[in-house]
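Asker: Sequence:
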Amino acid sequence: MRQTMPPSTTVRPAFVLVLSVVLSLVLLGTCSVVGHDETASDVDPLLLHQLREGHTVLLFRHALTDRSASDLDPSARGTCEQQRNLSTDGIEQAHHIGRRLRALDIPVGRTFASPFCRTVDTAEAMTGEATTTDAFLSLTAALDAAGADAITEAGRALIAEQLQAPEVTVVVTHTQNIEALAGVTVGEGDAAVVDASGLVGVVHGDEW
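So for the sequence shown, our numbering puts the first residue at 1; every next one is plus one.
No lab work stands behind these hints: they were computed from the structure. A virtual CB, placed ideally from N, CA and C, is assigned to each residue, including glycine. Careful, some of the hints might be misleading.
To be verified - Simulated restraints, written as ranges between beta carbons of each label pair:
| hint | residue 1 | residue 2 | range |
| --- | --- | --- | --- |
| 1 | Asp206 | Leu143 | 32 to 38 Å |
| 2 | Glu129 | Leu163 | 17 to 23 Å |
| 3 | Asp144 | Leu104 | 37 to 43 Å |
| 4 | Ser197 | Gly147 | 37 to 43 Å |
Could you put together the complete structure from these sequences and hints?
Answerer: Listed below in structure tokens is the structure:
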């Protein structure tokens with residue numbers, strides 16, 4: 001009597017191969033999700049620690065702008081259409097920085113901004129609110145050196161007041177103001193970190 005052979009197993013290797021590939025993809029996706037650390041950052045760890053401790057001011061230069069436009073009214077008293085405004089990339093940059101501030105557990109308190117549209121828009125995208133003040137108005141709006149000095153002194157006084165707060169104060173202003181207040185030149189979207197001792201570091205927009 002002929003013995004009946006068991007069903008062919010030639011399809012099993014192919015099945016096992018497909019199953020292995022599927023499992024590998026699932027595991028890879030799981031590792032990617034698990035390995036993604038929202039608290040990872042290129043900010044200097046000591047600087048990040050100081051920010052989490054509060055009593056600090058982040059002096060931001062506004063986010064990236066549309067360089068094809070210019071300020072027709074340097075006093076910022078006109079409409080946004082008369083000013084250089086945020087570019088599409090700048091709007092996203094500001095939102096990104098805001099998300100990172102929250103993800104990194106930086107205790108943001110009050111937010112101040114120069115009355116220019118690009119600074120207010122940056123501040124609102126970052127933290128959801130902004131108090132506008134001439135204490136951080138662009139120094140180019142001053143009529144003379146005495147006027148520029150008055151703006152700088154007003155900004156310095158407001159910073160000193162905010163350093164008493166337990167949180168981190170966000171200020172969005174202009175490059176000339178940051179140079180005068182912190183002694184450092186920064187790019188669009190960058191921030192000078194200031195405490196009671198003065199400048200303690202700079203965080204670039206792409207480091208958050």
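Asker: Does each hint fit the structure? Answer for all of them.
Answerer: Each hint, compared with the structure:
1. Asp206 to Leu143: 32 to 38 Å: Holds: the Cβ-Cβ distance is about 36 Å, inside 32 to 38 Å.
2. Glu129 to Leu163: 17 to 23 Å: Once the Cβ atoms are compared, 20 Å apart, the range 17 to 23 Å for Leu163 and Glu129 holds.
3. Asp144 to Leu104: 37 to 43 Å: Holds, since Asp144 and Leu104 (Cβ atoms, about 41 Å apart) stay within the stated range.
4. Ser197 to Gly147: 37 to 43 Å: violated (28 Å)
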